[in-house]
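Student: The chain contents come next:
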Amino acid sequence: MNNVKNLRTFPGNRIIWHAVIVGIVWLLLLVLNNNIDPLYSSYLALVAMYATAMFGMTILVGLSGQVSLGNGALMAVGGYVFALTSMNWQTVPIIGWQWNAVWSMAFAGLGGILIGGIIGGLAARLRGPYLAGLTLGLAVGVPAITNRFPELLGGENGLMLSVPYPAGGYAALDSALGSSSDSSSDGTVDPNSAVEEDQYAELDLSEFEQGADLDADLAPEDLLTDDDLLTEEDFGVGDQLTDDDLLTEEDFGVGDQLTDGDLLTDEDFGTGTDLGIDGGDLGTDLEADLDVGVGTDLGTDPAVDLTGITDAFDSGFIIERWQASMAIAVACLVAFAALNLVRGRQGRVWKAVRDDPVAAAVVGISPSGSKISAFIVSSLFAALAGAVLAQILTLVAPGAFGLGLSLSLLVGIVLGGRSSLLGAILGALLLVWLPELVDGLSGDRGWPEQITNNAPNLLYGLLVVAVVLAAPGGLTGTVRAWIDKGRGKTRSPLS
Amino acid sequence: MTNFIDYLLGGFSNGAVIALMALALVLVWRSTRMVNFAQVGQAMFTTYVALTIQQSTGNWVLALLVAIGAGAILGVIVFFLVIRPVKNSDSTGAIIATFGVLIALQAGAGMIWGGDPRGFIPPVDNAGLEFAGRIWPISPYDILVLSATAALVIGLTLLFTKTSLGLSMRASAFNPEVARLSGVRVNRMLISGWAIAGATGAIGGVLIAPASTISPNSFDILLVFAFTAAVIGGLDSLIGAVTFGIGTGLVISLVSGYSDSGNAPIVALVLLALNLLLKPDGVFGHHGARSV
Amino acid sequence: MLETVDLCVSFGAVKALSGMNLTVPRGEVTAVIGANGAGKSTLMRALAGLVTPQSGQVLFDGRSIAGNKPEDIVRNGLALVPEGRSTIPELTVEENLRLGGLWREKSDRGASKNLVFDLFPILGERASMRADTLSGGERQQLAIGRALMSDPKCLLLDEPSLGLAPLIVTQILELVSRLAKETNLAVLLVEQNAVTALRVATTGVVLNLGEVVKSGPAHEISSDEELRHAYLGY
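Chains as they are written, first to last, in the working numbering: chain A, 126 to 620; chain B, 493 to 784; chain C, -4 to 229.
I should point out that these hints are in silico values taken from the structure, not numbers from a laboratory. Please note that a few of the clues may not be correct.
Every beta carbon over 12 angstroms from chain A, so not counted as near; a handful from chain B, in silico [claimed, not checked]: (1) F504; (2) S656; (3) N755.
For the chain C half of the interface with chain B, some residues (derived, Cβ under 7 angstroms), not all of them [claimed, not checked]: (4) E66; (5) V69; (6) R70; (7) G72; (8) L75; (9) S81; (10) I83; (11) E85; (12) E90; (13) L94; (14) G95; (15) L97; (16) W98; (17) S145.
On a predicted model such as this, the values are computed, not experimentally measured, just so you know. For each residue, glycine too, the CB sits at the ideal point set by N, CA and C.
Input sequences plus hints: build the corresponding full structure.
Tutor: Now the structure itself:
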């Protein structure tokens, strides 16, 4: 009866509920983002980015039952479209409006839909292992395409991005991203800047120590001097932040190359070509470096003049916070779409085809249509996540979108719970948190780097096997099963 | 034209190794009707084992034999710990589990042997042979690889067609229930299948290692090539795996020769996509790859 | 020879067999008949070890075999020819037959093979052809032949008439019946096609919804009009 009633309810009610839920979460995340250390903001950005991609995996792998290793490659599509459009287009073609990041995001999404449709059309005809193999080929083949067109796509080194960071921090960000959140841009400015000032007081102390640490780490490299020069130059100008920020980005291009260099060394030290699952690591490492460059060094360098700092913080622009709020915005919009799809008619169609394609066909559902639609949706989400990742890294390169990224998405979705959007979020948290945890442990115990760098992947691999064998519903499925057991209900672990 | 012949000749040895990996995939498919995506991970691991043996004893044959044994054991371990518990309940889960094994093996190898690429010294000269006034792109080592592959393929064919074990394994693969009702201990046949596949993959790994370097991820691309070859061959067919393994090797060699080796994965992807689109059951296969 | 005592088999909450008692003596054909869903195939699968009984006993040669593995049961002399075309189409006829006795001594195998080729000459003619080139009747012969390769003391036949022309069914079943008498083989035949089954059987057992409704001499059952109407549908 309950189901019948649900079906008859006007779907608008459900959509409003979803909007309210997502809106509240969004708001909470923004408040959180504004009140944590910028380092944690950078983690938050990565979690949101992973979650965005993994909502698509929930739909594709969980609901539609198609094991895909190609979503990392689809993220590459989004990332490269974002990079190419934002680098090469000053105005929107045909319409002629001023270009900004939102347009690039939109085009990245379109690219994802297009590629997803093509691959989905091919994939929908295939059974499990064939599909997995084809998408595996995609994960290995697509990054290789970048080497095929080195002038356009930058080859192995990829493309450095000048992401159009808006001036004026969050207020401008809201308008730039065309935020559909209820709070008006004006409404967010005041509390934010208030928070920023409080934050500054805190930051001054906590960041200082951390900064000193990192400073010591980085001392041998020329990074510090470079960055300091840049910061002085940038923040000194004060009012004309927009231009300066753009400059910063370009200048950071130089810094980034160094960071990039760091990345490569890290990678080489640790896992060789193991880049993969450490798409996460990649990001976080970069973040840490950026953190040193932009946020913390300000505090540590006595040469920086104080008004410059105050101006910078008054303007509210901290790159990690900006990235996190951008990633959160995308993740929330995608979550809203995913919620409506999963809990609506389409979700039931996907599950029906997954569980019994013949029966679904008998009641008039096209199995291949359903599989293709799942592919397109997940591809759209992946492309958006790729565009977000491109902005977080300010770089698109084949190494960042390799097989490892695809595998890590699969790991995350399996550990969190294959068929649940909440599982995708938990999986994303796990992907970002576990390497940090291991890193922390290793720091305490003094493990060699060889162990530290591989421990997260070893854990992921073993956990994936264990979860598939013992708790196919993942974290969320298992918890839900416990709850249902308490209530005396039974349910299939994958429902 | 000379270039063409050189590229073609240069592809045989790589093709033979791709054929071995494809054979391993086919052997597993025949025994448990699943694709073991961890196969090259297992091969990578046993190749590191062989490398360790070779570096400490200097004996290549011993290294190969140990790798074969380790490959068989690793195959059986993966079968018992992962595949048997998961197999029937959840086909999606089985695929995912093999990727879990792959990730764990790569990380494990990274922990034990580090991530830096390592060289593997071939037992015989790997430089091109000089003959009829020019240097050919075939080395004594290539000849070793080719003859080892040929011997293995002939051995496997005889095993499957002429022996009771082979008949039992084939019957278990085609119809486990009828096999059991005929008194065949199907479980042992599945284990044998995984063991033989593991050993075959291990041989492939040891043979390919001197061609470049070995690192925890260096065989990823080999997985794509081997899967392509196995699928085009029909996943079920030993002949198909060998034919298209070598064929894939030749195509890759030509592509790398005429353009750039970085294009090889793209070509493999295109081959795979075309095959799945046009002839999804493979050239030698007779079962459904398509779901709808 | 083969005996079941209070055999119960369930699938989840569904009881497929409840308290089945059955005796299959040597040298004759015992027919279990009943409509679709009566539990006939479940009985066969439980006897052969493909399904584990919930409770009750299966005694074979006086020893309990309930819960044993199918491959052990067939090695003890209880061979099942399952429902449908239970051959392996990818193998040749000869390989299919060889498969049936792989675990036996090579010399014993040869004798069984001669017996099968005598019984079903067509299999000898087609020995090197793939099983999927055979007709339905030939394949059923091959399946029975494969079971005979294990030199069974008791042969279980599950719905051999399925999808075959009546004439062929009669031929095959009469061969089996003669074999039972001549070699003192116990045969348990499960059939929906009651007329054919009761014609070759000595004893008949009527099964309905997992319970034995009636058992007795085959001719008595085939002449019991009430029984026929109620359970056999003709």
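Student: If a hint holds in the structure, say so; if it does not, say that too.
Tutor: Comparing the hints with the structure gives:
The beta carbon of F504 (chain B) is kept farther than 12 angstroms from every beta carbon of chain A, the shortest such distance being approximately 23 angstroms. For S656 (chain B), the requirement that its beta carbon stay farther than 12 angstroms from each beta carbon of chain A is met, with the minimum near 29 angstroms. A beta-carbon of chain A comes within 12 angstroms of the beta-carbon of N755 (chain B); the shortest separation is about 6 angstroms. This hint holds: E66 (chain C) has a C-beta 5 angstroms from the nearest C-beta of chain B, less than the 7 angstroms allowed.
Look at V69 (chain C): its Cβ gets to within about 4 angstroms of chain B, closer than 7 angstroms, so that hint holds up. Hint on R70 (chain C) holds. Least Cβ distance to chain B is approximately 5 angstroms, under the 7 angstroms limit. Hint status for G72 (chain C): violated, given a least beta-carbon distance of 11 angstroms to chain B, over 7 angstroms. Contact between L75 (chain C) and chain B, as hinted, is supported at the beta carbon level, the nearest pair being about 5 angstroms apart and thus within 7 angstroms.
Nearest Cβ of chain B to the Cβ of S81 (chain C): about 5 angstroms, under the 7 angstroms cut. The hint holds. Here the hint on I83 (chain C) is kept, as its CB sits about 5 angstroms from the closest CB of chain B, short of 7 angstroms. The interface hint given for E85 (chain C) is met, as the beta carbon of that residue sits about 5 angstroms from the closest beta carbon of chain B, less than 7 angstroms. With a least beta-carbon distance of about 6 angstroms to chain B, the hint placing E90 (chain C) at the interface is held under the 7 angstroms criterion.
Using the Cβ-Cβ criterion of 7 angstroms, the hint placing L94 (chain C) at the interface with chain B is satisfied: the shortest such distance is roughly 5 angstroms. For G95 (chain C), the interface hint holds, since its Cβ comes within 7 angstroms of a Cβ in chain B; the closest pair sits about 5 angstroms apart. Given hint, L97 (chain C) at the interface with chain B, holds; its Cβ is 5 angstroms from that chain's nearest Cβ, closer than 7 angstroms. The restraint placing W98 (chain C) at the interface with chain B holds, with a minimum CB-CB distance near 5 angstroms, inside the 7 angstroms limit.
Nearest Cβ of chain B to the Cβ of S145 (chain C): about 6 angstroms, under the 7 angstroms cut. The hint holds.
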